[in-house]
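Got chain A sorted already, so can you dock chain B onto it with the hints?
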Amino acid sequence: MNINVLFFGSLADATGKSRLEINNVSDTETLRSKLLRDFPKLEKYKFVIAVCKHVVKANTTLHEGDTVAFLPPFAGG
Amino acid sequence: MLNPEELLRYNRQIRLPEIGETGQEKLKSSKVLVIGAGGLGCPVLQYLTAVGVGTIGIVDFDKVDESNLQRQILYTTDDVGKLKVDCAVRKLTRQNPHVRFITYNLQLTNQNAIDIIKNYDIIVDGTDNYATRYLLNDACVLLDKPWIYGSIHRFEAQVSVFNYFNKNKIKGPTYRCLFPSPPLLELEDNCSEIGVLGVLPGIVGMLQANETIKIIVEIGDVLSGELLLLNALNLQFHTISIERNESSIQATPATESQFKKTAYGQFCNTVTKELKLEVNIEELHRLMAENRENIQLVDVREQNESPQIEELKEINIPLVEIIDKAYNIDRNKKVIIFCKSGVRSAIAIQLLQKKFGMKNLFTLKGGVNEWLKTAKSNT
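Quick mapping for you: the protein sequence lines, in order, are chains A and B.
Using the working numbering, you'd call the opening residue of the first sequence number -16 and step up by one each time.
Using the working numbering, you'd call the opening residue of the second sequence number 1160 and step up by one each time.
The following block holds chain A by itself, in its conformation from the complex (with noise of 0.2 Å):
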């Protein structure tokens, strides 16, 4: 099952990526948690999960080709 990852702002900044393509995870607690053991930097940070353009707050299970974004609050203006 392929997920796509999309990291905003200082997250891209800490791993480097903006996107990247993660298997076989099948809610986002198991993704947020693997891309912590891959990204040890994003520990730092304070960040909320959107599945599919939504905004979620509990664990969420993911399907085939969803899009997972990891947004940080910006600070500056």
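Some hints here could point you the wrong way.
[As the list claims (entries may be wrong)] With a cut-off of at most 25 Å between alpha-carbon atoms, the simulated PhoX-like pairs for lysine-lysine come out as follows:
no. : chain 1 : residue 1 : chain 2 : residue 2
1   : B       : K1330     : A       : K17
2   : A       : K36       : B       : K1330
3   : B       : K1277     : B       : K1241
4   : B       : K1484     : A       : K29
5   : A       : K27       : B       : K1514
6   : A       : K24       : B       : K1514
[As the list claims (entries may be wrong)] Below, a sample of chain A positions facing chain B; criterion: calculated Cβ distance under 8 Å:
no. : residue
7   : K24
8   : K27
9   : K40
10  : P56
None of these hints come from the bench; they were simulated from the model.
Here a beta-carbon is modelled for each residue, glycine too, at the ideal position from N, C-alpha and C.
Chain B alone, transformed into the frame defined by chain A:
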């Protein structure tokens, strides 16, 4: 009522059936407050002035700095060193004498926010930090005002309208519904520290002005319940829907007196600007000349972040790793922590003091920027 001059001036807008004379009159009788006359505030102010918003309030405590001019296009070289609110009003009044401006040369705080914001219909966010955004959000929720959010990170931006009705006429989410709590620490996240492309706040400010006009004239679909993300490098736009979250609303101070007691700076881990443990470039030169062995230089910028200064090279611990790698910091020397401008080094000191109680830490005032400036003026 619009006078003959105004009918002429706003003719191209009045011709739009969605606006007409009625819409133009709504603009004239509206009151909009712009918080911050910087990168976002400048384009917001210029367009709200041009389209004929009747009353515009401007909150800003700052003076124009030379480094503002690449994006804050209300200001010119002659304005450097002068108060932003004064320069802005001078220029905007020339642009449109039919607009009434009210200036607040101050920093928005939990003590003054309610008294200022209550006089306006719509609030536009041109701030550059988390603490002021949470404060602004809570004041707007308390007073039931919509606010137009805009923020920037390098080439990316976020825009939304908070505390306003969505397409189904239901009150939409607030900033706290999207981001219930601020980042762990205010990392090197503002434009002065990490840089910003001049045109990006212009794009974002115009989107904010557009949302403001739509709310006033009551046309189109307002960006409530949605977060617009844009990236200037690949010109990709994403829209993410956000739900109103009652438990986040509960976290907002429920009364004015609770609001006035909320410590927003502390809530957002903001670093106090008056850091006493500071050395300037002159002192650093003196310390290095006296006994280089007595001091340790710690660069808290990213690895290989340019410019690298040969004389300042000793150890590098990027800010996000400062606690994990604190064992590299010498407790018996005078430790001078530096970064690009002094923001990250101040945060590093605050973190290290809190965690380990270190007392031998000093920040280099003005950071690498100041070092380069001094080096330049000496040659």
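Answer holds if the nearest beta-carbon of chain B is closer than 8 Å to that of K27 of chain A; otherwise answer violated.
-> holds, 5 Å
Regarding the pair K36 of chain A and K1330 of chain B, is the alpha-carbon distance no greater than 25 Å?
-> holds, 20 Å
Do the alpha carbons of K24 of chain A and K1514 of chain B lie within 25 Å of each other, as the hint requires?
-> holds, 19 Å
For the pair supplied as a hint, K27 of chain A and K1514 of chain B, confirm whether the alpha-carbon distance does not exceed 25 Å.
-> holds, 16 Å
Grab the minimum C-beta distance from K24 of chain A to chain B and call the hint holds if it beats 8 Å, violated otherwise.
-> holds, 6 Å
Would the stated hint for P56 of chain A survive a check requiring a Cβ distance to chain B of less than 8 Å?
-> holds, 5 Å
Please work out if K1277 of chain B and K1241 of chain B have their alpha carbons no farther apart than 25 Å.
-> violated, 28 Å
Do the alpha carbons of K1484 of chain B and K29 of chain A lie within 25 Å of each other, as the hint requires?
-> holds, 21 Å
Hint check: 8 Å Cβ-Cβ cutoff, K40 of chain A to chain B = holds, 7 Å
Pair hint K1330 of chain B and K17 of chain A, alpha-carbon separation not exceeding 25 Å | violated, 36 Å
Hint compliance for this structure: hints 1 and 3 are broken, all remaining hints hold.
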